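In our numbering, the protein residues as written are 7 to 316.
Please keep in mind that the hints were generated in silico from the structure rather than gathered at the bench.
Fair warning: this is a prediction, and the values are worked out from it, not measured in the lab.
Here a beta-carbon is modelled for each residue, glycine too, at the ideal position from N, C-alpha and C.
One or more of the hints may lead you astray.
[As the list claims (entries may be wrong)] In silico BS3-like pairs for lysine-lysine, Cα to Cα no more than 30 angstroms straight-line:
1) K278 with K266
2) K129 with K27
3) K33 with K50
4) K33 with K49
5) K266 with K33
6) K195 with K278
7) K129 with K267
8) K267 with K49
[To be verified] DEER-style ranges, computed between Cβ atoms:
9) L221 with Q180: 42 to 48 angstroms
10) N275 with T177: 35 to 41 angstroms
11) F52 with Y154: 43 to 49 angstroms
12) E199 with N275: 23 to 29 angstroms
13) T262 with K129: 17 to 23 angstroms
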Amino acid sequence: MTIIAIDIGGTNIKFGVVNTKGVLSQKDSIPTEAHLGGLHIIKKIFAIYDNLSAQQVFSGIAISSAGQINNETGTVIFATDSIPYYTGTEIATIVTEYTGLPVTVENDVNCTALGEYFTGAAKQVDHFLCITVGTGIGGALFVNGELYTGSHYSAGEIGHICLIPYGRPCTCGQAGCLEQYISSSALLKEVTETLQIHDLRDFFQLVQAENTAALIIFNRWIDYFAIGLQSLVYTLNPTLIVIGGGISAQGSLISTVLEKKLQTKLMPNHRKNLRVQTALHQNDANLIGAAYHYYSTSTKGNVYYSKKEQ
Numbered sequence: 007m008t009i010i011a012i013d014i015g016g017t018n019i020k021f022g023v024v025n026t027k028g029v030l031s032q033k034d035s036i037p038t039e040a041h042l043g044g045l046h047i048i049k050k051i052f053a054i055y056d057n058l059s060a061q062q063v064f065s066g067i068a069i070s071s072a073g074q075i076n077n078e079t080g081t082v083i084f085a086t087d088s089i090p091y092y093t094g095t096e097i098a099t100i101v102t103e104y105t106g107l108p109v110t111v112e113n114d115v116n117c118t119a120l121g122e123y124f125t126g127a128a129k130q131v132d133h134f135l136c137i138t139v140g141t142g143i144g145g146a147l148f149v150n151g152e153l154y155t156g157s158h159y160s161a162g163e164i165g166h167i168c169l170i171p172y173g174r175p176c177t178c179g180q181a182g183c184l185e186q187y188i189s190s191s192a193l194l195k196e197v198t199e200t201l202q203i204h205d206l207r208d209f210f211q212l213v214q215a216e217n218t219a220a221l222i223i224f225n226r227w228i229d230y231f232a233i234g235l236q237s238l239v240y241t242l243n244p245t246l247i248v249i250g251g252g253i254s255a256q257g258s259l260i261s262t263v264l265e266k267k268l269q270t271k272l273m274p275n276h277r278k279n280l281r282v283q284t285a286l287h288q289n290d291a292n293l294i295g296a297a298y299h300y301y302s303t304s305t306k307g308n309v310y311y312s313k314k315e316q
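Given only the sequences and the hints, what does the whole structure look like? Please build it.
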């Protein structure tokens, strides 16, 4: 059995083919062109399906998407204005009616966690946090071997934990949110203003070279990061924190320093056996996790089918 896996991000739509063992192949991507809205994204999904299905037969489609997702109906509950007219889009209904295939949809960060749980850094770990660092900050919570999505499918909004009361204004309408201080966009803004560097890869090279100015920014960023995680560790007592998103490419440069800093902010029983690791699958985790979500829910009969198949 093989399925099409699709990851809808703000910049790119990634896609590929995933089998039941979590092996990803035929990976590719196209621009999202998010400013053109939700309907435009749906049309791009159709095009991906048309292209891949012309080459082989698939048993279903697994979708990872930005936004708050009702993973039972495959509907976007809420999305910011970065993707206009996306809120309320019934992705599963629309895609399955077009393709005739069963479809699942899950939040992108939840898919990152599922991908790492399936075959990655969190394999066989029942209690862990996953935080993705990109333009914004996303989070996913794994409790007792299950993804916790909350009463309205909206758990894990780690980026909107208040770090600095009355601090920097946030897109959510509040101020001082964690993502305004530790997201890659926030870090890049500070790096650009202070060091006149416009690429975080160049910044991290300076950090590795122990450049004094770069280390000051890096250490403050790590400290903010650790403070944001501190409350979550006290609340959930995980054994592992997985760092995903583009920043995960930095590997141990981030995970080792962050783990040491976090250890200094925790009581003994909470820091016991706690590890911080970057995502093993890096930017492929969403596709693999979307497939895991499909395969695990299809065995429970929770995949959305088109009316003509029921």
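Please test the hint of 43 to 49 angstroms on the beta carbon pair from F52 and Y154.
The hinted range 43 to 49 angstroms is violated for F52 and Y154, with Cβ atoms some 33 angstroms apart.
Compare the distance between the alpha carbons of K129 and K27 with 30 angstroms, and conclude whether the hinted pair is satisfied.
holds (13 angstroms)
Taking only the CA atoms, is the gap from K33 to K49 under or equal to 30 angstroms?
With a Cα-Cα distance of about 19 angstroms, the restraint between K33 and K49 holds, given a limit of 30 angstroms.
Is 35 to 41 angstroms right for how far apart the beta carbons of N275 and T177 are?
Holds: the Cβ-Cβ distance is about 36 angstroms, inside 35 to 41 angstroms.
Agreement of K129 and K267 with the hint, judged by alpha carbon distance not exceeding 30 angstroms
Holds: K129 and K267 sit about 25 angstroms apart, inside 30 angstroms.
Holds or violated: 42 to 48 angstroms for the Cβ distance of L221 and Q180?
violated (31 angstroms)
With a cut-off of 30 angstroms on the C-alpha distance, tell me whether K278 and K266 pass.
Between K278 and K266 the Cα gap is close to 12 angstroms, so the pair holds against 30 angstroms.
Do the alpha carbons of K266 and K33 lie within 30 angstroms of each other, as the hint requires?
Cα-Cα ~36 angstroms, so violated.
Could you check the hint for me, namely that E199 and N275 are 23 to 29 angstroms apart, CB to CB?
violated (41 angstroms)
Given the hinted pair K195 and K278, is their alpha-carbon gap at most 30 angstroms?
It is violated: about 35 angstroms lies between the C-alpha atoms, which goes past 30 angstroms.
Is K33 within 30 angstroms of K50, Cα to Cα?
holds (16 angstroms)
So does T262 sit 17 to 23 angstroms from K129, Cβ to Cβ?
holds (20 angstroms)
Going down the numbered hints, you'll see the structure goes against 5, 6, 8, 9, 11 and 12, while the others check out.
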